[in-house]
Amino acid sequence: MRLLILTFLNGLTLAALYFMVASGFTLVFGLMRQINLAHGSLYLLGGYVGYEVSQMAGSWFLGVGAGFVAMAVIGLLLQTLLFRFMEGQELRQTLVTIGLSIIAADLMLAKWGGLSYQFDPPEWLFGSTPMPIINAYPTYRLFLLGVAIVIGVLLWFFLTRTRVGMMIRAGVDDRAILSASGVNVQLVFAITFAIGAGLAGFAGVVGGTALSIAPGEDSRYLLASLVVVIVGGMGSVPGAAIGAVLVGLAEQFGLAYTPTYGIMFTFVIMVAVLAVRPQGILGRRA
Amino acid sequence: MKHKFRRALLAAALGIGVAAAAGAGAQEIKIGALATLEGPFAVPGQDSMRGVELALSEVNYTIAGKKVNLIKGSSNANPDVAVNAARKLVEQDKVDILIGPLSGSEGLAVKDYAKTQPNTTFLNGSSAAQDTTLRDPAPNFYRFSTDGAQWMAGLGEYAYKTKGYKKVAVVAEDYSFPYTQVMGFMVPYCAAGGKVPEKFWVPLGTKDYSSVIAKLPQDVDAIYVALGGADAVNFLTQYQQGGGNKPLIGGSITTDQTVLAAKGRIRDALIGTPAAGPIADSWDNPKWKAFVAAYKKKFPDGLPSPSLFAHAYYVETKAAIAALEQVKGDLSGNQAKLRKALSSLKLDTPTGMVSLDENRNAIADMFLTEVAVGQGGTLYNKVVKVIPQVNQSMNMDKAKFLALGPVSRTNPECK
Amino acid sequence: MSAVLPAQPANASGAVAVGRRSAARPYHFIVALLLLVFPFVASDFWIVQIGAQSLILGVIALSLMFLAGYGGMVSLAQMTVAGVAAYMIAIFGVSTTGSGLGWPWWAVIPWAIAIATLYATFVGALSVRTEGIYTIMITLAIGMATFYLAQQNYTVFNGFDGFKGLEPPHLFDVDSREPLPFYFLSLAVAAVCYFFVLYVSRSTFGLSLQAIRDNARRMRALGYNVTLHRIVAYSLAGLIAALGGVLSVWYNGRVSPGSIGISPIINILIIAVMGGMLRPAGPFVGAIVFVLLQTFAIDFIDRERFNTLIGTVFFLVVLFSTDGLLGLWERVRVRLTAPRAGVTSGQRDGAEGQR
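Residue numbers (the working numbering), protein chains in the order written: chain A, 144 to 429; chain B, 1141 to 1555; chain C, 2 to 356.
Simulated from the structure, these hints should not be mistaken for lab results.
Just so it is clear, CB atoms sit at the ideal spot from N, CA and C, and this is done for glycine as well.
Fair warning: there could be bad hints in the mix.
Here are the simulated BS3-like pairs of lysine-lysine, each with C-alpha atoms no more than 27 angstroms apart in a straight line [stated by the list, open to error]:
1) Lys1335(B) / Lys1427(B)
2) Lys1212(B) / Lys254(A)
3) Lys254(A) / Lys1436(B)
4) Lys1335(B) / Lys1477(B)
5) Lys1206(B) / Lys1234(B)
6) Lys254(A) / Lys1438(B)
7) Lys254(A) / Lys1437(B)
8) Lys1386(B) / Lys1525(B)
9) Lys254(A) / Lys1403(B)
10) Lys1429(B) / Lys1525(B)
11) Lys1486(B) / Lys1207(B)
12) Lys1522(B) / Lys1403(B)
13) Lys1207(B) / Lys1438(B)
14) Lys1339(B) / Lys1386(B)
Chain A regions said to be covered by chain C (calculated; three or more residues, Cβ under 8 angstroms) [said to hold, decoys possible]:
15) 234-241
16) 338-352
17) 397-406
18) 409-423
Construct the entire structure; sequences and hints are all you get.
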């Protein structure tokens, strides 16, 4: 019983982290049909930047903000200087972003070394919450869950209730008509990419606080984002939420009850979904 | 036209490459150093190189009148990569002696490679998997550092008898080095009467321990944690947040400086944690202190104190230097004289005397430590006991020790 | 429907211009001569570490090129297929890990190739309904799942440590462990695969495959069994990769999960893309550049920054050329030869050399 509840909570909170990282990715692909395989690098870089800022300023919250803003700016630059000229060429974008991620990973290794960095969040956030049956549960993971829900709601609000959101959704459905109706599509793209990248950076700090940041986390979260987004459906934020919950629970239950092979579950799910319903649960056929 | 010119250029480049490869002077000794300069052990890897450089700079890079040419190779804990790097050092750069690798599974692979290169002498770096020398050893592979089981000397008994832990759960990484460490802990611990009801093996590089923590048995007295420093911090933090409060027992790389420098509540949980290994940061011994001082002087931006990786590579390099001096740099006849010198070498190191057994594995002193609070409130590893001259069968009867079988996820067991 | 790769430009009659490159030109003979003569003048290290390794990596990357260039399907599972062949050799053959079944080489080799090809067919069956980026992802996921299986399982795959002490067989009194015989063995396999791919590309099957790549709907309407064609393509590519895998396990003398992890998978992609995915010579060009960079970058730049170097080279190649280094070379060649040639052939060459 104890194990069941713990595993369920672990799965849910892990799903929260995956959702945060994957939401930006799915937004970018949904609109711009753009695969950004440097998304994991944005996560890690956001984490490092957030760490430096939080150390310098002595405030964890400032670090979080810095992670978001810094990555949003980089996202903006990437979109306007690079991706704008590669629209429609999926394979090329994939390859270029792979190249970028290799370079970024190595440069980050050069700058910050192989150490793992631990953040310094406020005490009240980093203790344990007493709970029935299971005794106690890390407060921070519950916080993660809360943050993910807030982000999900905010994103939903942004997409469905604001003008820009409306344009983004229109773009997902039909980019050509959107452009024909006079919307500055490039601007919308830039904003979307900036938000997507910023979300990655934000997740880098918030997620990195839970699990520390080190070289290698970029590929781990990239792969996790890919799985979540594929399962949920590219371009759908609710899909990303469902995908994250499925993947998070599967991973944790797999690790708890079949520890040796639990680690394979995420990929097996991805293969199964792609083989049977390639567009994902809530996705639309390309 | 252009093609022919290009081809000629390529041929010329090839020719130069070949010549350069063949060339180098017979008046120098080439030493290759292989460590994990990338991947999960990048930081220990850098420190290992410092150990080599420190040893070589003590003799001014000159042995028996010949200059030493140090060539570095890089791996990432992956055995295939280590063998490729070793190949380049041995076959392309033509080193006379190769010192390395760093990680357990790499050592097993390089040992096998050494068998195919009888003309080169291989000295270990810090790789500490047992079977690198215990089973099927290579005649030209020498390990002047000790293996993971030797590092655990004294800990098992200490945990049972002095600390009174009757039941212990194990959390360790899933590859050859932690298997060796766990065996080194469990064999004496179980023999004394202890029980290990469950072992949790996590893939190397795991950051999320929530599933392991969820399954830790409630009725154990302590948890033996054989994880690398940074992973140990993650585990401890998550464990504490989940309400866990059992005392810990540390593996040799667990209570290192990264862990001891951690802030927050886990600091208090660490005080009193016993561990064991080939060095102890704060040993009050003149030779050790001189070594630490020399390290700090030469590497002001190195670690606060040399790690066991720096120490291991330092000792191996010192062994190479001593043996080379003994034979006056004579590498002729397939390095026969050098190998003989190495096998019978008795080396004085900052941590005591080191000599080799018949499998060319080291016999050396080991340190049993416990985490204590020092000056200014910082944590350090206090020396509880120095266990003298531990051999590869942990000073047990060799036949009995071999009969225990090779280390694995399920060997040894004592539920 | 997104075009994954730039389509081969059609010449005047509308047929896809393919196979023209196979017309023998002077530099083909020079390359062949060089490949045959070079081992007699080079050191052992160059023969094996540079020569044989490039050929082996080239063969595996060739299987990716075959699927991607002719089939329009970028599969990241080719290295995994090669790895499966390697593991089969280790599990069923002789190794010093002691857990091999010890089959003799003439049984192990065909068996390993058969199993790996079967595995590739299985991958194909799973991936056949996907396109573009989804194909990349599903094959990557299959590759990663296989990697974790090999890493976590000790009974069959021997986990993290894998198998060691694997050696090529002693055939006809020639010890193929020696550098020269091994090099020529690799060269022979590479040549066979290269010409096989060329042959297939001009065969009915190959032409249908390329037509499917260009417009699957039309082919379906014409009555072709698109799914079957694609799966067969995966099998053929798997066969090539399996050959590469067998050679690679002999080259390394060992196999472990690290041989089929994310890094080797991406490396094969880099090699194929860098060299150029429209011609079978591409993967080999990519392989030699990669191996040279990997071996010697360490001596010239700050050794630890090898990844930045290879990443930058890859990035630049992908940014500026859609057909890798061969495409860049093609453009340079066109610019140099166009003024001399007549208008017609110059135009045709020009059209081929560009997107």
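Here's how the hints hold up against the structure:
1. Lys1335(B) / Lys1427(B): 39 angstroms, violated
2. Lys1212(B) / Lys254(A): 21 angstroms, holds
3. Lys254(A) / Lys1436(B): 22 angstroms, holds
4. Lys1335(B) / Lys1477(B): Answer violated: lysine 1335(B) to lysine 1477(B) is near 48 angstroms, above 27 angstroms.
5. Lys1206(B) / Lys1234(B): 16 angstroms, holds
6. Lys254(A) / Lys1438(B): Holds: lysine 254(A) and lysine 1438(B) sit about 22 angstroms apart, inside 27 angstroms.
7. Lys254(A) / Lys1437(B): OK: lysine 254(A) and lysine 1437(B) at ~24 angstroms, within 27 angstroms.
8. Lys1386(B) / Lys1525(B): 24 angstroms, holds
9. Lys254(A) / Lys1403(B): Cα-Cα ~23 angstroms, so holds.
10. Lys1429(B) / Lys1525(B): 17 angstroms, holds
11. Lys1486(B) / Lys1207(B): Roughly 24 angstroms between the alpha carbons, so the hint for lysine 1486(B) and lysine 1207(B) holds.
12. Lys1522(B) / Lys1403(B): The hint holds at about 19 angstroms.
13. Lys1207(B) / Lys1438(B): 21 angstroms, holds
14. Lys1339(B) / Lys1386(B): Judged against 27 angstroms, a Cα distance of about 16 angstroms means the pair holds.
15. 234-241: holds (count 6)
16. 338-352: Violated, because only 0 residues of the stretch 338-352 of chain A bring their Cβ atoms closer than 8 angstroms to Cβ atoms of chain C.
17. 397-406: holds (count 3)
18. 409-423: holds (count 7)
Violated hints for the displayed structure, listed by number in ascending order: 1, 4 and 16.
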